[in-house]
Amino acid sequence: MTLQDLNQQSPYGTFLEHCKKGELAYQFCRDDGKAVFYPRVAAPGSGSTNLEWRVSKGLGTVYATTVVYYKDEKPLNVALIDLDEGFRMMSRVEDIDALEVKIGMRVKVRIHPGDEKQPPYPVFSPLLPEEGSPPSDSHRTGGRSGTSPLHPGERGGGEGRGGGGGRRT
Amino acid sequence: MSLQRGSVAVVGAAESDLGQVAQHTSPVDLMAQATLRALDDCGLKLADIDGVFSAATQVRTAPMTLAEYLRIKPRYFDGTAIGGSSFMSHVAHAQAAIEHGLCEVALVAYGSTQRSVSRAAASPREFNPYETPYPFHAVLGLCDGGLPPHAPARHHAGAAGGSRGRGP
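From first to last, the protein sequence lines stand for chains A and B.
Position 101 of the first sequence, counted from 1, bears residue number 101 in my numbering, the numbering being contiguous throughout.
Position 102 of the second sequence, counted from 1, bears residue number 102 in my numbering, the numbering being contiguous throughout.
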């Protein structure tokens with residue numbers, strides 16, 4: 001077992017280096033072929049250290065969405081996104097009203113530059129139907145090939161990772 | 001019922017990388033690293049762990065966060081946080097939990113990046129407004145009575161006639 005040397009480099013450090021290049025990075029476990037996110041020193045569940053870094057194409061599907069209201073502020077969107085490479089992450093969908101974010105909506109990542117206090121971080125925006133359809137050769141359980149990108153109501157039979165498909169929180 | 005001497009054993013033990021760690025290393029990265037090394041030490045697997053015991057000033061819900069990181073589903077959690085003696089209590093609680101059948105393989109883990117990060121990021125202030133001689137002093141400002149190491153220090157100093165600077 002060879003564990004990452006944390007005196008030299010950390011998982012989040014590597015992730016941020018990719019963010020600074022405008023990339024959403026994730027880990028891939030060579031043992032079981034599954035994506036790992038968030039990044040770790042070892043694969044969750046198995047403890048495998050046979051991990052490699054990969055860069056996501058940045059395309060995904062909204063698995064769950066909610067809206068958070070603060071006093072005197074525009075409503076904020078919080079969403080769980082299933083990336084096409086087979087991992088799920090929490091983020092937000094921008095460029096549209098927080099309430100207009102729908103389960104099943106196709107989205108694309110972009111890296112928010114951050115500021116002095118907050119390092120860069122990934123956010124998402126809606127994808128136009130012609131920009132990218134869900135992966136048809138998806139091997140992951142959450143794959144919903146054939147679902148119209150902007151018509152989340154027509155989801156059929158897709159089993160989300162948590163079971164039972166997408167769910168509004 | 002009292003604990004039975006010799007009823008459980010520490011079968012694996014290990015350290016994470018120590019000293020100055022890479023930027024953005026999290027305390028839970030270190031806990032996970034030490035966990036995997038300890039498992040390697042005893043030949044058990046992640047999936048064998050069914051009890052998680054942890055506490056850290058930099059992590060609000062250390063046992064849960066660690067379990068999520070490792071993706072294990074323990075039957076038993078203990079996040080007792082009583083300063084530097086948390087971990088002795090974790091071991092004692094682990095023995096009790098095992099004796100009572102609440103879990104069988106207990107993970108006791110700690111991780112900290114307090115050497116590597118800024119003072120502000122090292123630990124949350126636990127402010128005692130009554131006993132803070134220099135509240136805004138860069139160094140002495142930390143000497144509020146609420147910080148775990150100082151509470152026993154005061155007790156110890158009193159009992160021993162104030163001959164020692166720091167408690168047990």
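Treat the hints as calculated values from the structure; they're not laboratory data.
Some hints could be false.
[As the list claims (entries may be wrong)] Taking beta-carbon pairs under 10 Å as the criterion, some of the chain A residues facing chain B (in silico):
{"hint": "1", "residue": "Met-1"}
{"hint": "2", "residue": "Asp-5"}
{"hint": "3", "residue": "Gln-8"}
{"hint": "4", "residue": "Ser-10"}
{"hint": "5", "residue": "Gly-13"}
{"hint": "6", "residue": "Ala-42"}
{"hint": "7", "residue": "Ala-43"}
{"hint": "8", "residue": "Ser-46"}
{"hint": "9", "residue": "Pro-119"}
{"hint": "10", "residue": "Pro-120"}
{"hint": "11", "residue": "Tyr-121"}
{"hint": "12", "residue": "Val-123"}
{"hint": "13", "residue": "Ser-125"}
{"hint": "14", "residue": "Pro-126"}
Predicted model, so just to flag it, every value in this text is computed and none were measured.
Quick reminder that beta carbons are idealized off the backbone N, C-alpha and C, glycines included.
Quiz prompt | Gln-8/A as chain B interface residue, shortest Cβ-Cβ below 10 Å | solution = 6 Å, holds
Quiz item: Can Ala-42/A be said to touch chain B, with a Cβ gap under 10 Å?
Solution: 5 Å, holds
Self-check item: chain B contact restraint on Ser-125/A - CB to CB distance below 10 Å
Solution: Status violated, d = 26 Å.
Quiz item: Does the nearest C-beta of chain B fall within a distance shorter than 10 Å of the C-beta of Gly-13/A?
Solution: 4 Å, holds
Practice problem: Closer than 10 Å between Cβ atoms is the bar; does Tyr-121/A clear it against chain B? Give me holds or violated. | Solution: Nearest chain B Cβ about 13 Å off; hint violated.
Quiz item: Holds or violated: is there a CB of chain B closer than 10 Å to the CB of Ser-10/A?
Solution: With a closest approach of 4 Å, the Ser-10/A hint holds.
Practice problem: Tell me if Asp-5/A is really an interface residue toward chain B, meaning its C-beta lies closer than 10 Å to one of theirs. | Solution: At about 6 Å, which falls below the 10 Å cut-off, the nearest Cβ of chain B leaves the hint on Asp-5/A intact, so it holds.
Quiz item: Does Val-123/A pass the interface hint, meaning its C-beta sits closer than 10 Å to a C-beta of chain B?
Solution: 19 Å, violated
Exercise. Grab the minimum C-beta distance from Ala-43/A to chain B and call the hint holds if it beats 10 Å, violated otherwise.
Key: 8 Å, holds
Self-check item: Hinted contact Ser-46/A with chain B - closest CB pair below 10 Å
Solution: 7 Å, holds
Quiz item: Taking the least C-beta to C-beta distance, is Met-1/A closer than 10 Å to chain B?
Solution: 5 Å, holds
Quiz item: For the hint on Pro-126/A, does the least C-beta distance to chain B fall short of 10 Å?
Solution: With Cβ-Cβ at 29 Å, over 10 Å, it is violated.
Hint compliance for this structure: hints 10, 11, 12, 13, 14 are broken, all remaining hints hold.
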